[in-house]
Amino acid sequence: MVVPGEVTASGNLMPGDNTIRIDGSIVATRVGILRRGPDSMSVIPLRGFYVPRVDDLVIGVVCDVSYNMWKVDINCPYYGILPATDVFGRRFDPTKDDPLRKFDIGTVLRAKITAFDRSQDPLLTIREQGLGKVDFGFLVKVNPSKIARVIGRGGSMLSKIQQASNTRVVVGQNGLVLLATEEPVMRDKLIKALKLIEEEAHTYGLTEKVIELISSKVEE
Amino acid sequence: MSEERKKLIDEKGERADGRKPDELRPIRIQLGYLKHADGSVLYEQGKCKILAAVFGPSEVHPKHLELPDRAILRARYHMAPFSVEERKSPAPSRREIELSMVIRNALEPIVITELFPRTVVGIFIEVLQADGGTRVAGLTAAALALADAGIPLRGLVAGCAAGKADGQMILDLDDVEDKEGEADMPVAYVPTMNKISLLQMDGIMTRDEFKQGVSMAINGSMKIYAMQVGALKSKYRLPEDLER
Numbered sequence: 001m002v003v004p005g006e007v008t009a010s011g012n013l014m015p016g017d018n019t020i021r022i023d024g025s026i027v028a029t030r031v032g033i034l035r036r037g038p039d040s041m042s043v044i045p046l047r048g049f050y051v052p053r054v055d056d057l058v059i060g061v062v063c064d065v066s067y068n069m070w071k072v073d074i075n076c077p078y079y080g081i082l083p084a085t086d087v088f089g090r091r092f093d094p095t096k097d098d099p100l101r102k103f104d105i106g107t108v109l110r111a112k113i114t115a116f117d118r119s120q121d122p123l124l125t126i127r128e129q130g131l132g133k134v135d136f137g138f139l140v141k142v143n144p145s146k147i148a149r150v151i152g153r154g155g156s157m158l159s160k161i162q163q164a165s166n167t168r169v170v171v172g173q174n175g176l177v178l179l180a181t182e183e184p185v186m187r188d189k190l191i192k193a194l195k196l197i198e199e200e201a202h203t204y205g206l207t208e209k210v211i212e213l214i215s216s217k218v219e220e
Numbered sequence: 001m002s003e004e005r006k007k008l009i010d011e012k013g014e015r016a017d018g019r020k021p022d023e024l025r026p027i028r029i030q031l032g033y034l035k036h037a038d039g040s041v042l043y044e045q046g047k048c049k050i051l052a053a054v055f056g057p058s059e060v061h062p063k064h065l066e067l068p069d070r071a072i073l074r075a076r077y078h079m080a081p082f083s084v085e086e087r088k089s090p091a092p093s094r095r096e097i098e099l100s101m102v103i104r105n106a107l108e109p110i111v112i113t114e115l116f117p118r119t120v121v122g123i124f125i126e127v128l129q130a131d132g133g134t135r136v137a138g139l140t141a142a143a144l145a146l147a148d149a150g151i152p153l154r155g156l157v158a159g160c161a162a163g164k165a166d167g168q169m170i171l172d173l174d175d176v177e178d179k180e181g182e183a184d185m186p187v188a189y190v191p192t193m194n195k196i197s198l199l200q201m202d203g204i205m206t207r208d209e210f211k212q213g214v215s216m217a218i219n220g221s222m223k224i225y226a227m228q229v230g231a232l233k234s235k236y237r238l239p240e241d242l243e244r
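Chains C and Y, in that order, are what the protein sequence lines are. At position 151 of the first sequence the residue is numbered 151 (the numbering used here), and the sequence of numbers has no breaks. At position 236 of the second sequence the residue is numbered 236 (the numbering used here), and the sequence of numbers has no breaks.
For the record, the hints were derived by calculation from the structure and aren't laboratory data. Note that this is a predicted model, so its numbers are computed, not measured. Nothing false has been slipped in among the hints.
Straight-line C-alpha distance at most 27 Å; calculated DSS-like pairs for lysine-lysine:
1) Y:Lys-223 to Y:Lys-47
2) C:Lys-160 to C:Lys-141
3) C:Lys-195 to Y:Lys-233
4) Y:Lys-35 to C:Lys-209
5) C:Lys-141 to Y:Lys-233
The task is simple: from the sequences and hints, build the whole structure.
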C-alpha cells in the first residue's frame, strides 16, 4: 500500500502505471496497491477517475449530436466521439443520413474505445458484436477504481452475480454498470449489491455477502 | 504596543496555550468527509477547522481557458462568515483572492497536470474556524483531498508556519501569536522532492532567525507529512492477502 510521493523502488526497474521516475527512484503518484512486474513497478489505484484505454468496453450516454458525430458522456474527463461513418458506413452522406434520427440525446450506448492519446478525445466504435444502442435495463454508476472488484478475478464475481440474480449485468470499464432488468425488486437488490462492493471492496468474503444479498427474500 | 500586554511566552518557556516553542498543535484528519465531492477532507489543527474538497478532472468552461498540454488548477480559499470572531462578509476579499492564487501556485508543482490536458481540477478550501496558519493548513488539506480524489501527484505537500514572539522563534503560530508576535512565516514543503513550494513572511527577523525559522517550519511540515501519510494509509488499509 502506497501513497503519492512514496518511493517504491530504485534502480533499473521501469516505472509502470501510476508511477513516475524522480531522481532515479520510482515514485507512486496515487493511493493504491503496489504491484511488481518482471521489469517494472506499478500501482493499482484505490481511488480515482476513469482514464480511457484502447479496447476498453464502456457504457455511455449520448449528450450531443452534430452532423457527422455523436458526443458520448463516458464518465471521464473527456467526451467519447462516435463518428457517423462508424454507424452509417463509409458511404455516409450528411444530406441523406440524419445522426439525430439514429441516436438521439440520452441514448445509452455500449461502445469500444478505438483510439485515445489525450491530445484528442477518445474515439468510439459500435461495429462489433454486442455493441450499440441499449434500450432496456437500468444504469448504475460505480467508482471506476472498484470496477475490477465488481468483475472479480477472471470474472468470478460478475458470473456469480448473474447466476444468483438470473439477470444479465453488463459492466463498462468506465464505471457504468447496466442491469438488464426492469423488475424493481431484483433491480434494487442488484443496486444494493453494487454499492456493497463499492464500499467494502477491500474486505474478505465479499462474494458470499453479495450472493446472500441477492438471493435473500424481500420482506413484505 | 502597551506594556500591559500578556506575555506570549512565560518564564518557563511555555506559550499561552501550554505548548513548547517547537511544538505543533494537535492535528486531526478525516478523509472522505463529504459524499458528493470526488475527494474531501476535514482537517483540524488546534482550533483551526478546514474543509477541503476536490472535483475533477473535468471539462473546462469557458472553453478558451483550457490548455492543450496540461490541466489547469482552480483553487478557491474561502473563509466562512462564522470562521472569525466578528462576522466576515462572505464575498471573497482581496486577501482570500490572493491566498487562492498562492495556494494554487504551491499545488501546481505537485499535481501531474500533463497527464490530463484540456481539463480542470477544482480545489475548494473552506475555512470553518480560523485560528492562525489557515493558508498552510488549507494547503495541507488540499493535498490530502487531491490524493483522496485519485489525482496523480508527485508527492504530498505539507505546510507549517514558523515565527517569532517575545524574541523567541516558535512553530505553528496561533491567531494571538500571529497578531501580537514580531514575525510570521508560513512555509509549505514537499518532502519527497525536498522542495519548498510556498514561503511568505510578515514582520521582522534577522538573517539567522530566518534560517532557523525555515528549518523549524520544514521540521514541522515533516511531522504533518507523516500524519498525512498515516491518515491515507489507515483509510485505505487492505487485508494482507491483497497487499501482496
